[in-house]
Amino acid sequence: MDSTGDAAAEPLLEVRGLSKIFGTLKACDSIDLEIRRGEIHALLGENGAGKSTLVKMLFGALEPTAGTIRWKGQEVAIRSPGEARRLGIGMVFQHFSLFDALTAAENIILSLDDPAPVSAVAARARELSRAYGLPLDPQAHVGDLSVGERQRIEIIRCLLQDPELIILDEPTSVLTPQEADKLFDTLETLRSEGRSILYISHRLEEVKRLCDRATVLRGGRVVGHSDPRRETAASLARMMVGGDVPVVVRDKPAATREALLEVRGLNRKAGHPFAVSLSEIELTVHAGEILGVAGVAGNGQGELFEAISGEALQESADTVRICGHAAGRHDITGRRLMGAAFVPEERLGHAAAPFMTLTQNLLLSRYRTDARAFLGRLGIIRNAVVASAAKRVSTAMDVRKGSEDPEATALSGGNLQKFVIGRELDRQPRVLVVNQPTWGVDAGAAARIRQALVDLAKGGSAVLVISQDLDELFEICDAIAVMHGGRLSTPVPIAEATYEKIGLLMGGARPEATSGLPLEETV
Amino acid sequence: MFEDILITIATAATPLLLAAIGELVTERSGVLNLGVEGMMIMGAVTGFAVAVTTGSPWLGVLAAILVGAAFSLLFGFLTLTLVTNQVATGLSLTLLGLGLSGMIGESFVGRAGVKLAAIRIPYLSDIPYIGRLIFGQDPLFYVSILLTAGVVWFLFRTRAGLTLRSVGDNHASAHALGIRVITIRYLAVMFGGACAGLAGAYLSLVYVPQWVENMTAGRGWIALALVVFASWRPWRLLVGAYLFGAVSIGQLHTQALGVGIPSQFLSSLPYLATIVVLVLISRNRRLTMMNTPASLGQPFVPDR
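If you read the sequences in order, they're chains A and B.
Residues in the first sequence are numbered consecutively from -2, following the numbering used here.
Residues in the second sequence are numbered consecutively from 16, following the numbering used here.
If you're looking for bench data, these hints aren't it; they were derived computationally from the structure.
No residue lacks a Cβ here, since even glycine has one placed at the ideal position from N, Cα and C.
Be careful, since some hints might not be right.
As the list claims (entries may be wrong) - Over 12 Å on every C-beta distance to chain A, these chain B residues come out as not near it, computed from the model:
hint, residue
1, Thr69
2, Val98
3, Gly114
4, Ser140
5, Ala164
6, Gln225
7, Glu228
8, Trp236
9, Val254
10, Val294
11, Gly312
What the hints assert, rightly or not - A few chain A residues facing chain B, derived, Cβ under 8 Å:
hint, residue
12, Ala58
13, Phe90
14, Asp97
15, Ala98
16, Leu99
17, Glu103
18, Leu107
Sequences are here, hints too, so could you generate the full structure?
The structure is reproduced here in structure tokens:
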């Protein structure tokens, strides 16, 4: 190793004292980071730890308030993404920076500095996609592609620049386990070529598996550098959270066979060109049961949620039954009155009105179900009662807020999600349907939310959880069904479910193939 | 007679096409400028004033283009730099243009104008029925057709056009890639203004070579509607503008013949026919979605 000389020992990127201040918030507080050549360096941290801000500064999308960045030993000021690219820094974004209305090839051209003709770029992209095992059709419109395919475009777009440092922001959060495995192979190939990778993730197992070194952020500061291979997932989590992460406790609920939520032969045509149509969805959730719906984003989960919640009505009343009542022709309020509660995916703008206070938001979703408590004669709102209910929810779910009754938009994502879920749980619904309960929520809040779902089921309610997070589903569910292309698989009991099995279903494999039985024997 | 009708149709359609093709480019970059009518009338009055004062219609055309662009620059400054609401700002731009043009044009009311001479290509323009239509029109007619072809080529065949479309599709992504969203939108807005000014000059220097207050008579609004109904596709815009021109001229002739149909109904025919036809050709929702600028009308403030 000594013979490698100075050039190799010198870090590729060296960050010293980098800070970014937004108003009074120190998003990044004198960060030190060093990335060597040919290493995969993990950047770990909870939501709001400052990972994205740091990366945006490295990619020239944000200007640092203070601190220095040295690239190959030279101090540089990265003022724009274009400058970052010219230095040799490429980035694959978490929320992809792609254009839906353009083709894959056009998307790629836009990020190139030299104006090459479409055909030449398409040819280069094909070549790279073969070399790194990333299948891609340059003429396809991005709006029609799956999330995994979109990520491939991002990666190929990045590789076309021949970067020395590739920044990947939460790349596996949208992939099936099998897709993630393929991505890891690609990353290892890139490392073997001497490129460096800055890998941002909160999935500790994959960091342990893939990364050479790790830098951990908490509250905008670096709290440690470590070798992830020598750590356990639990010790890394402690560094990230700054304490122990609560573990969800669940004991076997009393098994009753009372079906509280039933969906029979649900079909739905896609409402717009980028939507998914649902076909022949069948599911049953019994009292005391948590059923998980896994799947890669954009396979019809949103459409399924809308159909069950009553945002979209069904042709026949019997398609959806809630607590024994035919609910297919009832709207959301009607279904709530039957004893169901719903938590949609987007908290701001869908689950909560951003510029209304928590109390007002609570009233908006419960003014009919709790009419007797919340409304007086002539429908006059009893403000004190509603406010005390909001307070009760905040206490029960440990919602942290700046003032007594802030606007929904003033809360952080995790706290608002805790409030939105708490608002529904406070009713003790017999049926709860929740879409992505902990998406973008930090580990502490996520554990709190999962515990609440488990407790609700223990009390004899039926819970349907739609989630992209497989770890979450394995942690809390009694059975997992998988959505793919608008169809729902038969649920796999948790005792028989493995990541591989669910992952194959997510990728579109037929259930027959995963169970290992030839088709004839199952018929 | 037949050829005369065809030529009047082209004369009715050209100002609409000129204004609409500019607005199409503006909207493709994600900016909704409802001030087309205002920019158009400013172009009309300036074009007329300069042409009459200098005696040169071409100087009038040039002045109209510059004033249209300058007027749209004001819109750009308000909506792109100061991030005001695009709808409200566009509406006030129209009101401002109508008022300001009336004031500027006061002393020009009733004065004889200067007409931009038609081009006559010898022999070819003598071909029966279509000779004058294709080879004997005013220069701005040819400009409008070439401009449409040029916009098609620019938007779908050049790197700059691709960049412009990307800004209209998703300005956040474009910014993340290092594309200068605001600069591109300024340029697109000013192109739209220049085209609207040119369309105004067509009205006061070709269509009726004189100045009358409010002489745009809602053509800016029709141009705006055409852009949407043509689902932001230039060739459809051409079809829409000529269809509108044809039906408006057709209904005038029908009224003149004294057919027993209420004139109010006939007057509404151009609008009805254009809407019906463009809705029919935009039936493919997938294609329409692909061509609709997804960030149209949304303000963009890059975080720094």
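Hint by hint, here is what the structure shows:
no.	hint	verdict
1	Thr69	41 Å, holds
2	Val98	19 Å, holds
3	Gly114	36 Å, holds
4	Ser140	40 Å, holds
5	Ala164	20 Å, holds
6	Gln225	44 Å, holds
7	Glu228	42 Å, holds
8	Trp236	26 Å, holds
9	Val254	22 Å, holds
10	Val294	17 Å, holds
11	Gly312	16 Å, holds
12	Ala58	6 Å, holds
13	Phe90	6 Å, holds
14	Asp97	7 Å, holds
15	Ala98	5 Å, holds
16	Leu99	6 Å, holds
17	Glu103	6 Å, holds
18	Leu107	5 Å, holds
The structure agrees with every numbered hint stated previously.
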